[in-house]
Structures are given as structure tokens and as C-alpha cells.
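Novice: Letter by letter, the chains look like this.
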Amino acid sequence: MAAPESGDGNNGAARMVTLISSDNTRFEVEAAAASLSQTLQLTILDGGGGGGDGIPLPNVDSATLSKVLEYCIKHAPAAANGGAPNATAVDRAELERFDNEFVNIDQSVLYSLIMAAHNLEIEGLQSLVAKKVADMIKGKSPMEIRRTLGFPDPTPEEQAEMNAHMLEYGWAYE
Amino acid sequence: MASPALMEELVEEALLRIPPDDPASLVRAALVCKEWRRIVTGPGFRRRFRELHRRPPTLGVFCNMDGEGCFCLSASSLPLPARLRLTTATFTHSTPATVASYFPKCLRWLASAPGIPSLGMFGTCPNRHFPAFTHGRRLCSVLPMAPATTLTVTADPSSWRRWRNGRIVCTSTLRRLAAGASGLEDGGLGVARLEKYRLDLWSNNSSAGDAQWSKIGVIQLQTLLPVNAAIADHVVAFAHGVGVFFVGTDKGLFSIDLKSRQARKVCNMACGEGGIHTIVPYMSFCTPALRMVSTGDGPNGATSGA
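Taken in sequence, the protein lines are chains W and U.
Per the UniProt record's numbering, the very first residue in the first sequence carries number 1; after that it's consecutive.
Per the UniProt record's numbering, the very first residue in the second sequence carries number 1; after that it's consecutive.
Keep in mind the hints are simulated off the structure, nothing from the lab.
Where is the CB? At the ideal position from N, CA and C, for every residue including glycine.
One or more of the hints may lead you astray.
Residues from chain U that face chain W, not an exhaustive set, calculated with beta carbons under 10 angstroms [said to hold, decoys possible]:
| # | residue |
| --- | --- |
| 1 | Val-11 |
| 2 | Glu-12 |
| 3 | Leu-16 |
| 4 | Arg-17 |
| 5 | Asp-22 |
| 6 | Leu-26 |
| 7 | Ala-30 |
| 8 | Asp-200 |
| 9 | Gln-222 |
| 10 | Leu-225 |
Pulled out of the complex, with its shape left as it was, chain W reads as follows:
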């Protein structure tokens, strides 16, 4: 699980890889950061993404990718240490602050991030955005949740069903 890059620190500059978004923007980023993505890690381990090649990411647009990479770059050092053990409380607090700020974003951006984190299999980011959605759900009524998450208005049947359940689960609405 340990990042393989930690072993070749003797050649000075960190290895870089190039990622290409769906709208053809090229992003150059340290391999260690890109490797937070399980999907990319395999390609990178195989030596891909270097030089002029670049790794195409047809499912991720440039706005989302730059956001994803912002997360990866911030989290790469901690991940290279194998997570928490060596991190100081200050480091952890700083990451937490970053995370909180990071998901304080427009809902459409959040959705793009969720999809990207899922497609790229970035575990920490998946967890972070899921937590954010959970926070959006918490303390709301079913209707409010539907509205918040942009569901269409319920059909009369759905509405009747919800009302019936609400009667049965009255305690959940205190």
C-alpha cells in the first residue's frame, strides 16, 4: 500500500505525470498525488502518463479535474506517510480545515466531484463528499431532502406513501 515514489527520492525532482481532461486541458501533477486515485495508480505504476503521452480522463472535465487535483496535492504527503501515524495534530487539523473548506461548494460542483471521485476511485475524497451529502441530509424532512438534492416533485402516489410513512414514524419528526 505504501507509495512506491518514496523510494526513488534520490533523483531529485519528483516524477510528474500528465492528465488530460475531457475538454482536452492538460494537467501536470506529481505522480504521488495522482496515485491517490486507484484507477490512475495502476497506469502510473506501469510507467504511463509521463512525457508527452498523458493519461486521458474522458469522464472528467477540466474544472472538476483541477478541483480533484487540488485535493490530491494537499493529501498526497499524508498519504505517502501511510496516513496518520507520523502526522502531527497540527497537520491533521490543517487537513481537516482544508477538507471542510474544500466541500463548501456549489451543489453542481459537488456532484461533479462525487462522480469524479467515484470514477477515479479516490478513497479519501469519496468519503469526504459522501460525508458532505450526509450533512445535507441530516435533520431534514423527506421533502426537504428531495428539494435539497434536486429531486423532481413527488407524484401523488409518492406523496401519499410519504404521508403514510410519516404517520407511522412520527417520532422521527420531533
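Fit chain U to the known structure of chain W by using the hints.
Specialist: Positioned in the frame of chain W, the structure of chain U alone reads:
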């Protein structure tokens, strides 16, 4: 332009992260739409929820008062919402099946999953008057509807007799909590015994035979409860798997977290004579009405290990 239809697995990821001490949010989320309901009521969700949070959610306590019962949420400090009323008469003359049906319909859910002591699996004493909650062959707790002598009907009767006049609750997870080991159920049976303001925690080392009971901890309640609060007879219960005790006093019902040693008032209703005389903590809910929409892999599947 927000895409309304988050993929199902992404919804599941989000729902899994609703904190276990906020079960009401989970219930409300289950009512958002059929798809969400199916996710929440599925056995995979229950398993993953436990894995992620290392504990099932505590929903609250069922309080039995003279002549009626009601359900209150441990996650709130609201006065008792008398949502569900039932008579003690119906209780004492019920078969296990009907006793179960008197509990709020929303209650079984995580409880019947393997490894978690179950409130959903009812056993009874031979005379049927004392519904007990069991986990496998172990007795987890008893509804104290009668003198505690009924506690002799356990997998290991000899261990219990000497406490028959005490107020006790038992659990299979005490030892784990006291030892501070995380995540490992050792299967030992734990017992808490309340004596005046002292809660003694005992553990049965199952590997060493039946009768090896040892004291594993003491909680002094008077430091945690309000001054002059009188603890009510029999109103003590343990929420399995989450390390929370409920202690009833004349100043209300309190939950006590074993790990943090923090007490919190659950409801204002007095416990004891004329007030709440039985409490049963819940950690789970089952949704019979919703089971039909879940595709055959509903909560039924998880109870098969009984």
C-alpha cells in the same frame, strides 16, 4: 443543472455517513423515495453501517409506564412523546410473537444481524410471563415485569441465582468495553449490577467455564447524576453494542456512556412508582411496510442465524 439522480452506490455512501446517534435522519432519508428505502433496508447497508461506525445506531428507549408504553429517542432530550401506548396487561399475557408486535414497528433492523445481541429475537421464560431478549442461547436482558427471580431461566442458571434480588442487566459486550479493546467481540457475557449508586460491571470469561465471574469495573453514579436523584427500582438497561446504560431516577431517565462516563438526560419523566417502570433500549428498526419494496433480501434474511 444539478443532476438529481445520484447513482445508487453514491447515495449509499452518503447514507452510511449519517451519524449513528442520529437515527431519525436515517429514517427520514428512508422515506425520500423507493430507491433510498431499498438501500437503507437492505442487509448490505446494515453490515456496512456497522463496519463503518463500529456500532449500530441507538434509536432510543422504549419506556413502560403504568398502563401505557411509549418510545423516546435517546438522541434527543425532548419530553416523552407518547407515540405508542400499550398496557402492561397485554404484555404479561402475550406470547412472544404478540409481544413483539406491540413494539413499535420500526424496531428491529440492525438488531437481528449476526454478532449483535438482538432485541428482535424474543425468548420467553417457561411460564411465558417474562419476555426476554436473547442472542443465540445467551440471555441479554429481561423485561422486569416480575421479581428478578425469573432471571434463573438463562443459558447458565447457576450464575444468576445469587443476584436474584439485585437489579441487573446483562450484555455480551461489557467486557470488550471495559478492556478497551476495539472491534473485537470476545463473546463473554457481561453483567452490570446496580447497588445503591454504584454500578458494578462483571464479566464471565466464557473460555474458563461457566462460573468464572470477575469484576471488571465500577461506575459511581452519584457523581454523574443530579444531586439527590433517587435511582428507581429496576429501571436500568443497557444498549447492547454501543456501551450505553440507561438509569432511571425520580428526576428523569438518564443515559450513561460507558466510555466517556458522561450522563445525559433522555427524558424528564420520573421513573419508579407511578412513572416509568420498565425501559428497553433499541438500536434498530425494522420496516415491515417497507420490506415489500425491498427485493426479497430484506431484514428477514438476517434473522436466519437465530
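Novice: To test your reading of the hints: which numbers does this structure violate?
Specialist: Violated hints (numbers, rising): 8, 9 and 10; every other hint is consistent with the structure.
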